[in-house]
Structures are given as C-alpha cells and as structure tokens.
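Please model the complete structure; the sequences and the hints are all you need to start from.
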Amino acid sequence: MENTPSSVGGIWQTLVAGQTAAFPFGSASTDDYRLQPINSAPGDAALVTPVATAFSQVPGFATNFPNLVCAPYLDYRSDGPQCVELQLDCIGTDSCNFLYTAQLDYGIDGNTDAAPNLVGAPAFLVQHDVPCLTAGFTDNIFLSYTGSTPGTDPPLRGGGTGGHSCYVSAFDPTAPGIPAGTTVSTFPGFEFPSNTKVNPIIAGLPVPLLWAFNDNSGNPVTNLHFCKAVNANGTCATTGVVAPWVHLSLTALTSTAACQAVATPNLPSVFNSGLLNLKKGQYSFIWDTSTKIKGLKGCQVRVVLQFNTGGASAPALFQYAL
Amino acid sequence: MKKILMSATALSMKKVAFAILCVTLLMLAATPGWATDDPCNAPTVGVPAGPVGSNDPTGSCGVVITITGTITTTSTGSSGSLSATITGGGQPTAYDGDEDQLVGIINNSNVTVGAITLTRSSEGGDALFAFDGDGPCAPAQHAPAYSWCSNVGFTGYEGPTNTFTRISSTPGFQPARPLGLLWKIPLRP
Numbered sequence: 001m002e003n004t005p006s007s008v009g010g011i012w013q014t015l016v017a018g019q020t021a022a023f024p025f026g027s028a029s030t031d032d033y034r035l036q037p038i039n040s041a042p043g044d045a046a047l048v049t050p051v052a053t054a055f056s057q058v059p060g061f062a063t064n065f066p067n068l069v070c071a072p073y074l075d076y077r078s079d080g081p082q083c084v085e086l087q088l089d090c091i092g093t094d095s096c097n098f099l100y101t102a103q104l105d106y107g108i109d110g111n112t113d114a115a116p117n118l119v120g121a122p123a124f125l126v127q128h129d130v131p132c133l134t135a136g137f138t139d140n141i142f143l144s145y146t147g148s149t150p151g152t153d154p155p156l157r158g159g160g161t162g163g164h165s166c167y168v169s170a171f172d173p174t175a176p177g178i179p180a181g182t183t184v185s186t187f188p189g190f191e192f193p194s195n196t197k198v199n200p201i202i203a204g205l206p207v208p209l210l211w212a213f214n215d216n217s218g219n220p221v222t223n224l225h226f227c228k229a230v231n232a233n234g235t236c237a238t239t240g241v242v243a244p245w246v247h248l249s250l251t252a253l254t255s256t257a258a259c260q261a262v263a264t265p266n267l268p269s270v271f272n273s274g275l276l277n278l279k280k281g282q283y284s285f286i287w288d289t290s291t292k293i294k295g296l297k298g299c300q301v302r303v304v305l306q307f308n309t310g311g312a313s314a315p316a317l318f319q320y321a322l
Numbered sequence: 323m324k325k326i327l328m329s330a331t332a333l334s335m336k337k338v339a340f341a342i343l344c345v346t347l348l349m350l351a352a353t354p355g356w357a358t359d360d361p362c363n364a365p366t367v368g369v370p371a372g373p374v375g376s377n378d379p380t381g382s383c384g385v386v387i388t389i390t391g392t393i394t395t396t397s398t399g400s401s402g403s404l405s406a407t408i409t410g411g412g413q414p415t416a417y418d419g420d421e422d423q424l425v426g427i428i429n430n431s432n433v434t435v436g437a438i439t440l441t442r443s444s445e446g447g448d449a450l451f452a453f454d455g456d457g458p459c460a461p462a463q464h465a466p467a468y469s470w471c472s473n474v475g476f477t478g479y480e481g482p483t484n485t486f487t488r489i490s491s492t493p494g495f496q497p498a499r500p501l502g503l504l505w506k507i508p509l510r511p
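From first to last, the protein sequence lines are chains X and H. Count the first sequence with the numbering used here and you get residues 1 to 322, in order. Count the second sequence with the numbering used here and you get residues 323 to 511, in order.
Don't read these hints as lab results, they were simulated from the structure.
Rough simulated footprint, nothing fancy, chain X against chain H, three-plus residues with beta-carbon under 8 Å:
1) 398-411
2) 421-428
3) 448-456
Simulated restraints on C-beta separations:
4) G412/H - T264/X: 55 to 61 Å
5) S95/X - S490/H: 14 to 20 Å
6) Q260/X - G475/H: 21 to 27 Å
7) S472/H - V242/X: 53 to 59 Å
8) T407/H - P200/X: 49 to 55 Å
9) T392/H - A321/X: 40 to 46 Å
10) A17/X - S403/H: 21 to 27 Å
11) T256/X - T407/H: 39 to 45 Å
12) P461/H - T196/X: 54 to 60 Å
Cβ atoms here follow ideal geometry from the backbone N, Cα and C, with glycine treated the same way.
See the structure below:
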C-alpha cells in the first residue's frame, strides 16, 4: 500500500448461500442481526452497523407507516429509550441482489416511557439503497414474531431481496399485544411440501404448494391475489392486480447450465388462474414442472414467494430426481 | 422457538493464519520463485528480505493486521465482536525505505472474513490508496509479472487473493463510506 493504515474501520463477514451469518451488536448478549442468503454469489460479504435513535411513543418516525413506532432496545437506553436502525452494507459480484431471510434479536425496553405493553402488529421495516438513519422506510418484510416480555429477546423474522439497506423493528402501539411465547406469522412457510427436507420432484409431474397467509397480527388474509410478473422495482407488472398479492418464481441453487436454465422469473402453473384460494387464508399453487431442459437430475431449486409488502421467502428446497 | 442455521465451518475454533495481501513496490529484478508466489506469505512484521531477484526467505510484511474475536450464537441471540490490530508500519518497515508497505492479514477469529475497511486518519505522505504505479505488478518493479497481475481491473497493487473497492477520500454511505476496502480475501478461521 502507499502508506500505513491507521485503523480497520469495519470487518466484513463472508456470506455463504444457505448459511447464517450472525452480526452481534449492543452491550447485551441478545442483540443480533442474522442474515441467511439463499442464492448469493460466492465472495459476497456484509457489514452491519447499528445506529441508535430516540424512541417516541407517538407514531410517525416512518413516513410511510404512520401508525407505527420503532422498538426501543433495553441495552441502548441512555437518558431515555432508544431505538436502533441497522445499516446493512454489502459487496459482491452480484451487486448483492440475492434473496435472503433475516432475523433480528433484541431485548425490548419495558420502562414506562418506552414500551411497557406487549408488542402488537410487529413490523420489520426496510429501505434499500440508503444509509441509516432514515424516515423513508418503504417495505415491511415481516414474516414472523414471537411475543416476549420486556427485557427478553423477541425474535423478529423477515425476508427480502437486496443488500444495501436500513432496517428497523417497529410495532403498532394500539394493536393488541402478542403474548409471550406466541408466534404470529404472515407466511410461516409451506404447509405442503416440507420446509425442512429436500423435496424430490420429477419434471413433468405437477407439484402442489399449499400455505396459509396472515396479517401482522396473525389474522388470516382471505383476499390474497396472484401477480403473474413483477417489475424490477418489486411492483406488480400484471394489470389490475391489487394488494395484497403474491408472486412466485424459481431460483436455481445448482450451478450447472441445465439447472440455471430451469430457473424462471414466473413460476408456471397448471391452471391459468395460478393461485387457488382455498378460503380462510389458505392458498394453493399447482406448479407445472414440465420442461424440455435435459440433465436436471440433482438440480436443486427453491420456489420464491414475493409479496406486495416487499417481503419474500423461499422456505422449501426441491431437487430434481430425474 | 427460533431456528438457528449456523454452519459448522463458521463455528470452527480452528485458528489458521493466512497471509493474504501484499500490495507494495517490490524490488528490482525477479526470480522464478517470485514470479508466482506471494512474497508476504508469513505474516510477521519486518522488512521484506532480499533484493528482487531472490525469494524472500522470511515472507515478512511491513504491516500485519490481526483480526481477533469470537462470535457465539445461542438460541436467544449472538454475542461477541470482532476487532483488528495493526502492527508495524512507518518508515522502519517500509519496503522502499520511505512509506510504501507490504501488508499481511491474520484471521484469528472464528468467522470467515470477506473484506476489511482500511482508513488512514492523518495523511502524512502518500494517501493510503493513492496508487501511483509502483505496485508489485508494475513492470519496473517486478518482472516477469506475478500470475495475478493480468486479472481484469487490477490496479497493480493487489495480492493473489484480494482486490480493492470503494476507494474514497470522503466518508459517506455506499459506495463512498469505506475509505478503502479490501475484498475477496478468503480469511477463514
């Protein structure tokens, strides 16, 4: 180098697709941000920087979410309750445009000037391509939250795409609190097939996908619509589709040419309508796996569900058996 | 109940030192041994030995950055932190007798490090990333060129396994926030 460095300003962790990278922060042993990329490129690396900001019991810290307040962290308390926004910085050959799931852990400040009641209608807000602090959060990538008492760790989970982002945990102070130990999920994963095992598929044989979809309080959403195609900015490209909507795509995890070729931005359905509304918040999509691509044996893929909120999830792993 | 997915590799406590970066002016001539080898292959502080044309028997670096720390993940959260110390540097270890430095990095933490942000608070002499053509890939400094010198986009100051990105003199967010970033360094614990 042309001179002697005086300091190391940041140590970036390598990201590996399918593995969780933990970024502890704060003084407590509960605070961390965990990032699990699903389809990141080799060599991607990330750095998480917490930025504290004053908590207010009056909603309005996020312009696009006027009913929410940010969640105060107990270990960041200093002359009053403090929230924490997390700045995720990323570098990589894929410009960090990968799909990921994220989990945020922290201890809530339960003092009377902070959040003395249980958290209700939790949110996991994000704005991409900006530094923290920001008031312009655009998406709520919330997927699940487990209720907890003040001072203990409430795991907040979300999922989305992109890598240069500012995140914050938030909630609606007027919503009913979620009891300790109770988990609410918008999309907990598939009810079928398995979210934990490798699901074999045979090209040509349809694969039924079944799931439930709820709001941030855990109530069934009965009017989920199907978006056949999405724009690059995450909006629905299908005319006439209104929120709430879901879009399905297929991402390949195996690097073979055949496997990469079978990936598709719009997952084909056996039915023209695509999404089947089974009522009471239950939905199904019959994946048409027919393809002319040869040599798919061993190819691993994930079905990606992208929601109008900006959240995304790819809970199940599939592998072509033939 | 949270489900934690943590790789066994990431949790490994194995500590392996890697010398991964050597960006510097090298001496005057070359030998076959220097044509492809990383001269900063043993990250201890010292002036790189031997004239160009002979292999460096010590593998010394003018500056050594040592990353330490342990990140522990449990069902309720993660704790720990990573830190780095810089040893060596200045005129005593400059390979040119002035300020240019050969830099090595040791990762003694339990996580894989993909990049580090380097800064220099007071710019006495040349700025940290003010590359002025006297890096190891400059023909006048080393011939024949190292095998990695032909990599597309290289500045001529890289080592065999690293590159630079986001070089800036102004603090700020992406892409300018880091004052220089070493990237693609396979620093496994």
